[in-house]
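Just so you know, the sequences run in chain order A and B.
For my numbering, add 1 to where a residue sits in the first sequence, where the first one is 1.
For my numbering, add 97 to where a residue sits in the second sequence, where the first one is 1.
In short, the hints are calculated from the structure, not lab data.
Note that the structure is predicted; figures quoted are calculated from it, not measured.
A couple of the hints might just be wrong.
[As the list claims (entries may be wrong)] Some but not every residue of chain A turned toward chain B, in silico, with C-beta under 7 Å:
| no. | residue |
| --- | --- |
| 1 | D164 |
| 2 | V201 |
| 3 | L212 |
[Claimed, not checked] Computed list of lysine-lysine pairs in DSS-like fashion (alpha-carbon distance at most 25 Å, straight line):
| no. | chain 1 | residue 1 | chain 2 | residue 2 |
| --- | --- | --- | --- | --- |
| 4 | A | K261 | B | K458 |
| 5 | B | K595 | B | K480 |
| 6 | B | K185 | B | K213 |
| 7 | B | K343 | B | K386 |
| 8 | A | K68 | A | K302 |
| 9 | A | K92 | B | K364 |
| 10 | B | K458 | B | K480 |
| 11 | A | K92 | B | K788 |
| 12 | B | K712 | B | K734 |
| 13 | A | K257 | A | K66 |
| 14 | B | K213 | A | K225 |
| 15 | A | K394 | A | K345 |
| 16 | A | K257 | B | K458 |
| 17 | A | K257 | B | K451 |
| 18 | B | K712 | B | K213 |
| 19 | A | K302 | B | K458 |
| 20 | A | K221 | B | K712 |
| 21 | B | K734 | A | K261 |
| 22 | A | K190 | B | K331 |
| 23 | B | K835 | B | K788 |
| 24 | B | K386 | A | K199 |
Here a beta-carbon is modelled for each residue, glycine too, at the ideal position from N, C-alpha and C.
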Amino acid sequence: MTMQHRRQFIQDMGFSAASLPLLMGLPAFSGATEGTVKQRMIVVFSPNGTIPNDFWPNEVGADFKLKRIMESLQPYQDQMLVLKGICDQIKGDGDSHMRGMSCLLTGIELLPGNIQGGSHTPAGWASGLSVDQEIKNFLQNNPKTQTRFGSLEFGVVVPDRADPWTRMVYSGSNQPVAPIDDPYVMFNKLYGKVEDRKSVESVLDRVRNDLRRARALVGKEDRKLLEQHEQFIRDMEARIKRDAEHQLDIPAPVQKAGVKNANENMPDLSRMQIDMLVNSMQNDMARVGSLQYTRSVGQAKMTWLGINEGHHGLSHEPDSDKEAQEKLVKINRWYCEEIAYLAKRLADTPEPDGTGSMLDNTTIVWTNELGKGNSHTLNDIPFVLIGGGLRFKMGRSLQYGRVPHNRLLMAFAHAFGHRVEAFGNANYCGDGPLHDLT
Amino acid sequence: MLHKLTLNHLGLQVLLAAIIVSPLWAAPKKSGTQVELGKRIYLKQCAHCHGIQGEGVVGFNENPLYGNKRLPELIQVIDETMPEDKPKTCRGDDAVAVGRYIFETFYTPEARASQKPPRIELARLTNRQYVQTIRDIFRNFLGRPELDELRGIKAQYYNGRNFRDRVGEAIVNSIDYDFDQALPYDKLTKKEEFSIKWEGSIIAEESGVYEFIVQSPNSIRLYVNNREDRLIDKYVATNERDAEHKATVFLQGGEAYFFRLETFRFKDPAASMTLSWVPPGGTRQIIPKRNFSPTLIGDSILVQTPFPPDDSASGYERGTAISAEWDEATTNAAIEVAGRVLPLLDQMARTNSKAADRTEKIKSFCHDFIQYAFRRPLTDEHKSLYVDSFFDDELDITDSVKRVIISTLKSPVFLYPELNRNPDATAANAVDSYLIASRLALALWDSVPDTALRNAADRGDLLDPIKVEQQIKRMLSNSRARSKIDYFLLHWLQINEKGEFSKDEEQYAQFNESVKADLRVSLRQFLSDVIWSEASDYRQFFHAKQIPFNQNLATYYGIEGVNGTDFVPVSLGDHSSHGLLTHPYMLSMLAYRDNSSPIHRGVFITRRLLGRTLKEPPQATELGSAEFPEGLTIREKVSMLTEPTACAGCHTIINPLGFSLENYDAIGRYRNQEVGKAINAVANYNTVDGKTFELNGVAGLADLIASSPQAHGAFVDHIFHQAMKQPINAYGDSLRSKLITQFQSSEFNIQRLLTNLVREAVLFEPAQEP
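So that you can see chain B by itself, here it is in the shape it has in the complex:
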C-alpha cells in the first residue's frame, strides 16, 4: 500500500514511480475506492472553480477542465499548484485520487464520450459517399452496364492511317508491342502504315490517383472516363523512340471506366506502344489483363475536387464533423459537377438544341435529378420551389440548370441523408420506405438507391423486414457492395495505414516495390474470395490453406508452376496454411526491416483481431536503442525488454500472440531457426475471462482467433461501423450480442452477418428525444 508521507517534489516523483510499478496501478479495476475518494475531494476542493462536471464556472473560470495531458502530468500539476486559492493543500495520494477521478470522468474526450450513452448522430455524407453518390445519380442518365467476367481489351485494326479500311478485331491481354518486330494482326499488310484502336473499360481496384504512362514514338490519343477530353493527346507523333507520356486521374475503386487508346503509324521511323500505369498504393506495371474489360461503359461523373479527410477518431470514417474547408469543398464540387454536366445536358435530357420541347425536357431532367439527389419523389410544390423557380426568361437555360445543380448539391437535404424526410410527415409516418431505401444504399453501397430499390420504396415495401432482407440480398450481388466490403477489409486490417514499409536490402534482396504491390493485390483478393465464397466463412481468414499468387510472387517465394500475370491459388506449404496469419503481406507489414516483430504483430492481433483495448505504453522504448547481450533471438530480446511490471500489464497479452508467429521472418518466409537457435513459437495466452490458451505456433493462434467470442465481437463491431458509420451500441442494448450469437450459430457466415446487421440497423428507430 502507499505510504502516507509529506513529500517534496523529488519525493513525488519517487511516489509516482512507485505508483507506476505497483500492481495497484497496473490493474485499474481494483481502484474503485480511489476514484470515489477522488470524487469526494474534487467536489469539496475543486468544483467551486472548475464546475461540478469540470465544465467551468460561467463568469469566473470559463475554461473547462478538458485536455490531453497524460495522467502523471495531471497529477503533478494538481499536487504542485492546486487548488489555486490554496495551493499545496492537495498532495500525495489525494492528488493521485483526484487526478484519477478527473482523468477518468471528464478530462479526456474518451472519458466524456463514455459518460454519455451512445446515440445515432446526425451525419453528413462521407467523402467516399459523396463521390459515389454523384457518380450514381448521373448514371441514371448516362447508363451503367455491369461488367461480365471477360477480361482483356478489344483491339480494332485498320490498314490505313486514318482509321479507314478496317480489317478485323481481337481481344488482347495487354498493350505492349514493338511494331517493327511484328504486327499484332495478320490482316495488317503494311508495316509503314496502319491504325489501331483499343477500346473497352479499365478496371480500378483501389480508389485514388492513377498515373497512366504511354511509351510510344507514334501518335497517341488516350481517353479515360471521358469521351470528350483526351487524357493524353499526342496525335502528332514526336518520333522519339523512348518518349514517355504521363497523365493522372482520380478514379473511384471497385469500378470500371470507359477506356480508349488510339494510335497510327505513317512512315514513322520506329513504331511501338506500351501502356503502363501506377495505381494508388501500387508500383509501375504494364496494365495487366485483369484490369481490362472489352465491354464499353458510359462516362462517369467522378468528382475531382479534393475534400478534407473525414474524421476517423472513432476508428472509422464518419461524417459527424464539418469544417469551413469541407463547406468550401462542397461548393467547389457543386460547381465542378455543373461544369461536367452542362456539356452532356442534351444527351442526359434526351433532347437536342433544335427540339421544340427542349426546355420542357431539360426541366424534366432537373426534376429527376433532384429526386435522385434528395432520395424521394418531389411533390409538385417542391418541384416548383426547387426547379421551376430557377427558370425564367432572364436566365439562359444553362445558367438555370447550373443553379439547380448547385443549390441541390449544397442543400442539407442532399448532404445529410437522415434529413431525407417526407416533408408532409407527421411523427407517425416520419420514417417511410424512402428513408429506409436511402439507409440501405448507404449501408451496402455508400451511395444512392438504384431503380429496383426506388421501386420497392414506391410500393412502400421497405418497412417490412422480409422485403428489406430481399433487397439486401439483391444489393449484395452488385459490384458496389463488393467495393464497399473491399474498403472495409482494407481498413479493418489497417492496410493503408501501415502501407509504408521496406526491407533491408542485403538480407531481403529483391523484396522490391513490385513484389510488395503484388502481395497487396494477393491479400486483397484472398480476403475478397473468402467473403464472396458461398460459405463466406470468417474462420477461413485464419484457416485457408491457399492464397492467390502470380508468377512474380511465386518466383520470389520459390513456388513452381505459376505463369503469367493472373493470380491463381497456391499453397506455400503446410507450414503456411493459415490464411491471413501466414500471408506474407501481413507478416511483412508487421515486422522490422530486418526481422520479425512480435510486438507489432501482437499489438495488431490484440486490437484488430481480438478486439481488446490496450492503453498507450507509459514510456515508448525502441527495440533498437536498447542494449542486449550477443546472440539473443528477437523473442528473447522482446521478453527482456517488456519484463518490467510497468510493461507487463499489456505485454502479457501482446507477447504470446506475437511469439506464436515467430516462425515467419520479416518478409513472411517460414523459418525454424534464428541466430543458430531453434525457433520457439509456443506461448501461453490468458483470455479476458481468465482462461489460459496454449498457443502452439500459428495453428494455435488461428484456433484462438477463430473461436474467441471477443474476436467475434470485434469483427461484428468493425463491419457494423463501416456499414452504418454509427456506434453499434446506439442501436439498442441487445443488438450487439444478438448479432454475435447469430454469427456464431451460422457457421460464421459473413454475408449472413452483414444481412442481419443491415436489416436490423436500417429499421431501428431510437426512442424519441425529449
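The following block holds chain A by itself, in its conformation from the complex:
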C-alpha cells in the first residue's frame, strides 16, 4: 500500500490538521480500563491453502504431535487448538479464492459484482460484516471494554488493490476495511505525531537562530513582529517538552528506519508489524486485531528462503511435483514462524495489571482462505488457535465432520460474551456455536 496522503490519516485519526493532538493524555493510555479482565483476539491470515499431510496432526485429543509446518509452535502446544473439518460452505458469486477470502470472517455470500476471478461468476464485496468487527462493536459498546481503536488491521506486503481477493475484514455489507501494511503509516496512526514532533524539535534551534539574525536586518518597528514570532517558537518548544514527559504506559517501539514496503523486506516488515501489534494491545489501544500476509492468491516470493517463485504459482503445482511441495512446506513454515514470534512476544509480555502474560488473555487465530491450494477446496480450512483469550480448552487437536465455519465464527463471538443466535448466513448456523471448544 502506498503512503497515503497525510490528510487522510489525520482524518482517520479524527483530528483536524490544525491541532497537534496530545495523544499521550488520552484515557486509553492511562489505563482507564484497569480492573476488567481483558480478552483479545488476533486473526492472522496466510494464503493459498496448506499442505495437509505436513500440517494436520494425525491424532485427536490432548496427545498430538505437531507436523513439520507447525514445529515452531511447539513451546505453545499446551495452549493450542488445532481444528480440522471446518469448511467454508458459502456458495454464490465469486471464485474460490474470493469466496475463501471475503467469506472467511463474514460467513456470508458476496454481492453480485464486476470482479471476475479465474472461474465462477463475477462478484463484488461481501454482503455482511466480519466477525472480528462484530466482536469489536460489542466490546466498544461497553465502557468497560472500550479502547481507543477497538480493532486494528495490520498487513504485510498487501498489494495496493481494493478487491474481494484482498480484503477479509468488513465493517458491513459492501464496506471492506483495508489493512495498513506500511509500518510507518501504522506508527503514525498509533503513536500520533511523536516522530514529527522530534523532527520539529530538532530544527527549532535553527529557526531561532534565523530569527535572531533577522532581527538585525529590520527596523525597530518590525522587530516587534519577529520578537512575537520568537515567543511562539519558545512556547512551542515548551509544549513539545511537556508532551514528551507524558509517557505512553508502554513506550512506542523503536522502529527500524527506511525499510521499504516491498516483497524482499517481508521478514523485517513482518516483525515491525508484530511488534507494533503487541505494543498497541499492551497499551490497550484495541482488543481485536488482524494481521494479513499478502492476500488470497498472494504471490510472496520468499527469496530469503532460496525460493524464487511466487507462492500462488507454486500452490497450483500438482501433488506429484515434490520440489514444489517442499517449497510450499518451507513457505508455510516461514509463516508459522512469524506466528510463533507473535506468540512469543505475547507470552513474554506480562499483562500491565499483572494478571499473567498477554498470551493468557489473547487468542491468535491462524487461518487461510483455502484448505489446499491446487484443488481450491474450501473444506478443511486451516484453523489453529493459540492462547487463552477465548477461554477455550486448549492443548488439543480436534477433528470435526464437515461443519460450516459460521459455527466457529459464532463460537468466537460467544467467547466474548456476545451470544449471537447466528452469524453471517443463518442457514449455516442451525446447530449453534461450534461444540467441544470449551
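Go by the hints and put chain B onto chain A.
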C-alpha cells in the same frame, strides 16, 4: 451655535441630539477650533493621568486611552465621570471638544494609524502566497506545462474489462453517459464488457474546496491532483443504479490539476457514468467542457493544512500580523509538505533506491529546494549549515530530508520574503537582483520566481528598470498573473464578501443557485476579458455593451440564440450596455430580496468605485422596519428615510448614485415602471471638488465613474494594494499621483498601470530608518 448651559444628564442628551443634527456636526472640517480647544483642555486636565498621547502613565495608569466606543458614548463618559480626580469639571461643550480631540488623535486605531506616516511593514507570506509558493517550488522538480486553448477531456476506450484491447480515443465535452442506451465509441463492440479511461487536467477557476460527485453503478476510480492516492475508489462496483460517491479536495484557483477517471463494466446489470462537482461559491453541475483540458499535467503539492485567515483590516489581505495559531499552522504545513514530498523523493531527485550516488543526488535536491525557498543561491557555507548538517550516519536519509524541509519552511527567511538578503551584504548592496526577483514574483504571481526570472537575477539585471519592465511583461502573460488579477477583481468588487443572497421566490421564480452561479462566472469572465484584451481599458468596465452568457442565463433573461454550456458575448439590449453597472450579478448582489436597493448600490459605488470614505451611520435603520404610506417607489421611500440632517451628510452622496440604477430590479432586469409609476433615474451628484454632475440614469453614472479622478485614484489604490500588500503612500509622496496621471494618459490601460506600479514599487527603497 451651541448654548452655554449647565446641563444635567437629560440636558446632555438634548445637547448631543442637537449636536448630531447640527450642521456643525455634519461637516467635521469646519471644527478645527473645537479640536484645538479640546487639545488645550486635554493637556491641562487629562494628560497627567492619561499621558500626553493617551498612552497612559507608567506606574500609575498603565491602560492607554484606546478603545472602540463611538464618539457620543465617549463624550458621555467624559462629561459624567471625568476627570477622575475632579469629576464633573469637564462638561457640556468642553466635554465635546475634549472627546473630539481624543477620538480623532489617538483613541481609535484609525486615528493612531493616521498619526504615523505610512511605511512598508515587515510582512510574512499571506496564506495564498504560502500555498502557491510551495506549489511552485516543487513544480521545479515535478514539471509544469502550460495549458493550451484546447478544452474537453481525452477518453480512451478498451474492449476488455482490464484496460486491455484498446480500440481508440476521442476528446469529449463532459462525462455524462447512459451506457445501456448507447456506447460512447463506435469501436466498442460488447455492451457487457468494456473499460474507459478519461484523462487530462481539470481546471479550477476559484480557490476553495471542491466536491466531486460520481454517479455510477459501475467501477469507479477517480484521481485529482494525485497519481498515487485515489480521491474516490469504488473499483468494486456497488451495482446500485442511483449510487453517488463524493469526495472533497482543496484546489488553488486559476490552475489546472491532473485528472483521471476510470471505469469498467463487466456483466453489471446497469451501466452509466455522470461526473459532477460543486465548486466553491458555485452550485452542483455536471463538470462542463471549459473546466477540462486533454493535456496531462504533473502532480501539484497543494497544502491542505488550514491557516487562520489573514488580517484584512486595511481592506486587503496582509501578512503584517501573526498569531500562535498561524505559527502552529506553519508547523503542521511543514510536516504535511514533508509527508507529501518523501514518496516523490526519488523522482524529484532523479535517482532511484538502487543508485550508488543516491545520497549525493538527494543532497543536491535539498540544496536546490532551499535555494528556491530562500529565493537566492546558497553559498557553500550555507549549504553546509542548512542541508549537510542534517545528514549524518545516525539518521535515515528520509529523516534528514524531512528535517531539511521542516527547518526551511519554518525559517523566517522563507516566511518573511523581505528578509531575503544577501547574507554577506553591506548596506550598499543589500538590495540585489534576487530581492527584486522575489518582489516581482510576489507582486504579480503571489509566488516565487520561475527559471527565467532566476536567470535574470543571476545576471544581475534587475536593478535596471528597463529589464524589470521586460520581466513584468513576460510575467503578465503567465497564467499565475491571470489568477492573481482574478483574485484582485473578486476582492475589489466584494464578490465573496457579499456572495450570500437570495431572492423572493414568488416574484423571481427560478432565480436559483444555478442561475446565480452562472451569473458569477459570467461576471468574472467579463472582468477578466476587459483586463486581458489588448486595450485593457478600465472604462470598458462601465461602457462594455456585451457580457458573456451561456444558455442557462440566456434562457432565464430572455435572450435567444445561445446554446450549450460555453459562455458567449451577448447584448442584453441598449438599456443594459454598461458593463458591470448593468451586469445582473452586480445588480442582484446589491439589492433586496424583492426590490432594488439604491442604498446598497449607492454605498458600493461610493466606496468601491469612487473611493470616497463614508462614516458609519449614526443609527442603523432598516428600510423594512420603517413605516411608509402606500404606493411609494423605493426611491421615494429611501428619500423619505434619509432626509433628516443626521443622515443627509452621507446620503446626499449615496442616494443619487443608487437612484441612477433604479431601472434595474432585484435581479438586474430592466424596468421602466414600479408600482404603477414611471421610474425616475435622474439625480444630481456633487463631486468632491464641488461640481454638480447630472446623472441621467446608468449612462450618466458610467460617464461619472469613468471620468472621475477620484475613481481613478481608488482603482489605482486597490490594484496597488493587492499587488504589493503595502499602503501606497509608503512608497514616497509622489508615486500615487504619478501613477494616476499615467493611467489617465494611457487610455486607462490597466496592464500598463500594473506594469508601471510594479516596476516602481519593487525598485523603491525607503529612506533608512534611524
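When you check the alpha-carbon spacing of K190(A) and K331(B), does it fall within 25 Å? Distance of about 24 Å is within 25 Å: holds.
Are the Cα atoms of K221(A) and K712(B) separated by 25 Å or less? violated, 33 Å
Just to be careful, I want the Cα atoms of K92(A) and K364(B) compared with a cutoff of 25 Å; is the pair within it? holds, 19 Å
Is the interface hint for L212(A) satisfied, with its Cβ closer than 7 Å to some Cβ of chain B? holds, 5 Å
Is K257(A) within 25 Å of K451(B), Cα to Cα? OK: K257(A) and K451(B) at ~19 Å, within 25 Å.
Please verify whether K68(A) and K302(A) have alpha carbons no more than 25 Å apart. holds, 24 Å
Are K712(B) and K734(B) close enough, with their CA atoms no more than 25 Å apart? It holds: about 22 Å lies between the C-alpha atoms, which stays within 25 Å.
Using Cβ atoms only, decide whether V201(A) comes closer than 7 Å to chain B, and label the hint accordingly. Result: holds, 6 Å to nearest chain B Cβ.
Taking only the CA atoms, is the gap from K712(B) to K213(B) under or equal to 25 Å? holds, 21 Å
Quickly compare the C-alpha distance for K734(B) and K261(A) to 25 Å and report which way the hint goes. violated, 75 Å
Just to be careful, I want the Cα atoms of K185(B) and K213(B) compared with a cutoff of 25 Å; is the pair within it? violated, 33 Å
With a cut-off of 25 Å on the C-alpha distance, tell me whether K261(A) and K458(B) pass. Since the Cα atoms of K261(A) and K458(B) sit roughly 19 Å apart, the hinted pair holds (cutoff 25 Å).
The structure is inconsistent with the numbered hints 5, 6, 11, 13, 19, 20, 21 and 24, although it conforms to all the rest.
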